[in-house]
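A.B. asks: Next come the chains, spelled out residue by residue.
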Amino acid sequence: MTRIKTVSTRNLAKSAKKGGCGECQTSCQSASKTSCSVANQHCEQCLNK
Amino acid sequence: MVHQYKMNGYNIIMDSNSGAVHSVDEMAYDIISMYEDNSKSEIITEIVKKHGVTKEDVLETISEIEGLKDEKLLFSKDPFEEAAMEFKNRQSVLKAICLHVAHACNMDCKYCFAGKGDYSGKSGIMSLEVGKQSLDFLVKNSGTRHNLEVDLFGGEPLLNWDVCKGIVEYGRELEKKYDKKFNFTLTTNGILLNDEIIEYTTKEMGNVVISLDGRKRTHDFMRQTKDGGGTYEKIIDNFKKLADAREQKEYYMRGTYTAYNKDFANDILHMADLGFKETAMEPVVGPPDADYTLKDEDVDYLCEQYEKLALEMLKREEKGEGFNFYHYTIDLTGGPCIVKRVSGCGVGTEYLAVTPTGDLYPCHQFVGQDDFCVGNIYEGVTNKGVIKQFETCNVYSHKECKDCFAKLYCAGGCAANAYFSKGDINEVYELGCKLHRKRIECAIMMKVAEEDKGLKRRSDK
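Here the protein sequences line up with chains A and B, keeping their order. Numbering-wise (my numbering), the first sequence opens with residue 14 and increments by one. Numbering-wise (my numbering), the second sequence opens with residue 586 and increments by one.
Just chain A, same shape as in the assembly (with noise of 0.2 angstroms):
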């Protein structure tokens, strides 16, 4: 049996390639102000596929 469940997730080795386009919204631009939330963004490479 299998005990252990797997979920699923952005490979980040893999999002070095095409990585850094710079689209995307800068965490101060949301909702932070006074700390820092990169892992909260969308990235729009993805949003746009």
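Rather than coming from a laboratory, the hints here were simulated on the basis of the structure. Treat the hints with care, as some may be off.
Heads up, simulated SDA-like pairs for lysine to any residue below, C-alpha to C-alpha not over 25 angstroms straight-line [claimed, not checked]:
#1 A:Lys31 with A:Cys59
#2 A:Lys27 with B:Ala668
#3 A:Lys27 with B:Ser601
#4 B:Lys788 with B:Lys819
#5 B:Lys900 with A:Val20
#6 B:Lys640 with A:Thr19
#7 A:Lys18 with B:Thr942
#8 A:Lys18 with B:Ser648
#9 B:Lys654 with A:Arg16
#10 A:Lys18 with B:Val678
#11 B:Lys788 with A:Glu36
#12 A:Lys18 with B:Gly652
#13 A:Lys18 with B:Glu611
#14 A:Lys31 with B:Ser601
#15 A:Lys27 with B:Glu667
#16 B:Lys1041 with A:Val20
#17 B:Lys1038 with B:Asn593
#18 A:Lys18 with B:Lys695
#19 B:Lys826 with B:Asp747
#20 B:Lys900 with B:Glu1015
#21 B:Lys634 with A:Arg16
#22 A:Lys27 with B:Val678
#23 B:Lys1038 with A:Thr15
#24 B:Lys657 with A:Ser21
#25 A:Lys30 with B:Ser601
#26 A:Lys31 with B:Asn732
#27 B:Lys893 with B:Lys819
#28 B:Lys825 with B:Gly960
#29 B:Lys695 with B:Gly953
#30 B:Lys765 with A:His55
#31 A:Lys18 with B:Glu641
On the provided structure of chain A, position chain B as indicated by the hints.
C.D. replies: Then chain B, alone, in the frame of chain A:
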């Protein structure tokens, strides 16, 4: 590195370097915790004894673990450190500015990092000419970036509303001329909101941040008028109108919690109870001796609050009454690329703040710190020494982050927090880190629970 924790009945394994997340049973959880420091026979002996299973059961699970290891989804190495500066250089083009259209405020909040709106005495109102030049400066320095962001910030930007509108209109002209797209954000305390402004922002602003600290007594204690009165009643109906006009999306009701409302989960739930669907709440950033500043000894209680909030959010999702909390928004399949996770928020590189007179600072929080003035919109960036510090700042330049499981979720944290707490942007603000780690744990747990129960969050794209 592998981080494992238990929450809400789930046993969660985060493989930090690959970004992989696993939900496992008790036995696999224990095997993974022993895997790196024990031999197979030691693991078998211990697990058979503790869980009453057979040797074959244990070997089967070890085999599963080794399969995930081969796929680089468990115990994966960190392959990104050497590429950090190359990553950072990819993100060196300006794409966002925070326009301080008014260094003045019609409120007198006790915790304001902007020094009651005027940023250490440098009060002023931005002229339309400075606003337009700022957009020109942004376009000129944005290279091939298509999406550009402009935050109309203060103080209170609605004290300079006509200029805000003028800036938006000028932005629309520039979009056509240079094939750019401006996404405007307005951050407001709500006092001056009216139907005309709500209609305009609904049409023109991609995001509006409205400031409410939660329950009336919480809000009124910190966010007061100049004569010391509460402001909750003056703004709450305006905020309801604004959020409804935006169909409960593309805005954030953002609060700040302090030592006076450590039970802040109740403040976020108050927002949700009022019908607001997009919420955010940050711990206050203040001087160590201020009565409202959060202390190290508060951390355990604050972490309990984050967990309480996550559990309640899941309950409401099950009832079809879900709402978003910005810091639990996490897109595991379509989240940020590794370049962004290593490079950080873009302070001083992709993002600059502009004062009413056109001076440039690495971000809104550094405004008023003379040493951090990096130039102005007319001459551009002239203080290259300061910018250099930010160009080299990334998750790997913070030595404290090396062994932190959350480092690729916060990118080394907020440079301003580090500077104001430790005097160095490459340090970390430890209290903030502890809370951020808890937020990430809660956010991941919610994802695991949602997948388990077939729930969908409002923020899912």
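A.B. asks: Output the indices of the hints that this structure fails to meet, ascending.
C.D. replies: 7, 10, 18, 20, 27, 28
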